[in-house]
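S.K.: The lines below spell out each chain.
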Amino acid sequence: MSKGVAITGMGIISAIGNNVAENFQSLIEGKKGISRISKIQTNHVNDIMVGEIAYTNEDLVEMLGLNSDNSFTRTALLGAVAAKEAVANAGIDDINAYNTGLISSTSVGGMDMTEKYYYESFDNKSVQKYIESHHAGDSSQKIAEQLGIDKSLVTTISTACSSAANAIMLGARLIKSGELDRVVVGGADCLSKFTINGFKTLMILSDTYNTPFDDNRKGLNLGEAAAYLVLESDELVKKDNKKVLAYVKGYGNANDAFHQTASSDHGDGATLAMEKALKVADFNPDNIDYINAHGTATGNNDLSEGRAIIRVFEDKVPCFSSTKAYTGHTLAAAGAIEAVFSILALQNNVIYPNLNFKTQMKEFEITPQLELKHKPLNAVMSNSFGFGGNCSTVIFSKTP
Amino acid sequence: MKQVYINSVASISAQKTFDNAEFLNDFIDHEAVVFPVVNPDYKAFIPPAAARRMAKGIKMSIVASKIALQESGLDQVDAIITGTGMGCLRDSEKFLSALIDNDEQYLTPTAFIQSTHNTVGGQVALELQCKGYNFTYVHASNSFESALLDTKLLLSNEEENNILVGGVDEIGEHTFKLQELVGHVKKEPVKASELFESNTSGAVYGEGANFFVLSNEKQNNSYAELVRVKMFNTLPKDQLTETIETFLASHNLKISDIDLVILGANGDADYDDYYDILSQGVFKETQQAYYKHISGEFNTASSFGFWLAAKTIQSQILPAVVKRNDLKSTGFKTVLLYNQYRNENHSFTLLKQC
Amino acid sequence: MDALKQELKEFIIEQLNLEDVNVEDIANDDPLFGDGLGLDSIDALELIVMLDKNYGIKLTDPKQGRAIFESIDTMAAYITEHRAN
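Protein chains in written order, with numbering that gives the first Met the number 0: chain E, 0 to 399; chain W, 0 to 353; chain V, 0 to 84.
No lab work stands behind these hints, which were simulated from the structure alone.
No more than 16 Å apart at the CA atoms, straight line, and that leaves these computed lysine to aspartate or glutamate pairs for EDC-like: (1) E:Lys150 to W:Glu241; (2) E:Lys115 to W:Asp102; (3) W:Lys1 to W:Glu157; (4) V:Lys52 to W:Glu103; (5) V:Lys52 to W:Asp100; (6) W:Lys229 to E:Asp149.
The structure presented is a predicted model; accordingly, all values stated were derived computationally and were not measured.
Bound-form chain E, shown alone (with noise of 0.2 Å):
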């Protein structure tokens, strides 16, 4: 259990862009994904504003090279489109050549599909196809195809907006075990009118572009997005003499135990949360140079996770900044989306600014990084909480 968790590959598709590339430039350049909803028709067009990627499904399967019968929702397109770009980039040929997994997750999995032919299937032979690709393991038995991950493991994780955390969480468990020697970690999600609808009834969608951490925060833009990590083993690495992005250093898993959809007043799971993977790091607070924070602009997330960072770090709050106001709250694809924004700041020394902050939040002090900000950087944190009292932290760092 005491192995190093490296990681070598990440591919990411968002509403910032349709590579590892392409995010990091609008996230240096302050580039918002948001906008009206264009690919879903939807009475609520005019009352929400969505982070949605570019690309029409039929974009995404020629890009795949899938064939007109093919059975992927849009979770699945987005999973292997990004999926394919971190095991690109880890420079892996022969995916088979070690014991390699899958661990995925998704929130909405083939929803799109299923709500779209809901009565449709009873009566048309064509769209039936889609029934077996409900279900929330579909999309990932899927990539795996797609990476030509065979007689391996591959599962898929379901904790609302914590999911992907848990999937790099799980991963780096798996590695340290030995249980597999490289693994693909991540989650996807697209957008569809059942969590449109859902998160509607909520009333914390807002209206127009979300402000984490403002005083006046409306509630959170959904988004749509994709990302994965390729995780491999300490003697991988060696033997391979393979690149280092940057490691998994620690994580932490808690439950709010507190309400079915909002966090406890003080935020308890997510400090647990934030704890805890301190402790795997064997880090103190003042380890972490920078917070991805959850921050998704609804008014009761931002203030208890707020106070959770001040019960963690104190008067030493490091910068922090959600990116929520980039690409929406992307839910299960979110821990893995951010994980790979994290990932770029250690390996560009740079912090994103919270854009869209206007007014300090009454209820505390501690201000998120409005400017882009140039600074070295050894270990960040980022969090995802979700419904159901999901709270998760993971650390990643420069070395092991």
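Take the given structure of chain E and dock chains W and V to it, following the hints.
M.R.: Frame of chain E, contents of chains W and V only:
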């Protein structure tokens, strides 16, 4: 590396299994395409204020969790790990139907909140006030096995010491109709006792919740030791036997060391050949058991198989209703489970007497 | 007004699945949230939809609900004043 033990079990299934003092004493020979659950008295376990929003899957899981916790003698666990193939299907359907039927108007939050896959894990945590590690695995027929693998690693590595782990799935009416439409369900009702003679396509469906407390400390009344769980996203038929032999060899075991093999056959003539390869091949001389004719098929039905294995090892009795052949083992020391669904997501789970 | 109050009680019991509660158990001035009937923030959202669906009253900020849903009395008063249908 610590060893991992099953310290308690709890099962809500199509049989009367919620009473741990019994072990399939009265077999209910359902005749249907979907087997209903034998309900415990949910009200005895869940206060009405908490129960009012809970769908079937949550209720079954809370009761199973409480039974498992009670039997383990613990007041609290360190972690809760859930496997569910489809999550809270009924609430998902309820919300989606309302969304489509009312054209996105007048939707209320309750069904949406309950529809997320981790609702069960979250509700169990809320009910037990457990702030520890909480994961939900949603990978089709390997959902429970994924939860079990994570549990095994956490306990072996001593990251946690006592974990509540379970598998749950509920039947959703609309989804069931769609599954019927694509031929995954048998067209005609079948008698449970005659399922494996049906020779027709499709499975008989079911639902249920099976929860366990696993620990890295052995108790006097521990059921069994969980030695290993291993999963495969794909596994070609012609490599199945060899893969099992390699798996056993990695634990210094041979086929002849297995006292009982529990197979996840579901009576689907199109897909049971995987099990036939084993039952008529390497395990021909081994005592065999099937269980999906009494539980029905669902993504986490294998958690019922796990329950069966644990109970068999503890009691050293294999109920007649699950016996597949007449071979008699001298004792149930080493038990292997094998499961797959429609040629995907294969798993081997190895248990030992402790 | 009394008919409206009766209607609200029936609705609350049915929509919020309060199985063990009868109409006569809810007094007009009983607090609905917290120590009273024990409703929570999710119920408040359910009631906001009910205001829209049954009475044509649209709330945009869930915080508004707190005062309106204090008791059956306050709900009935608000609805009488603001109802569109």
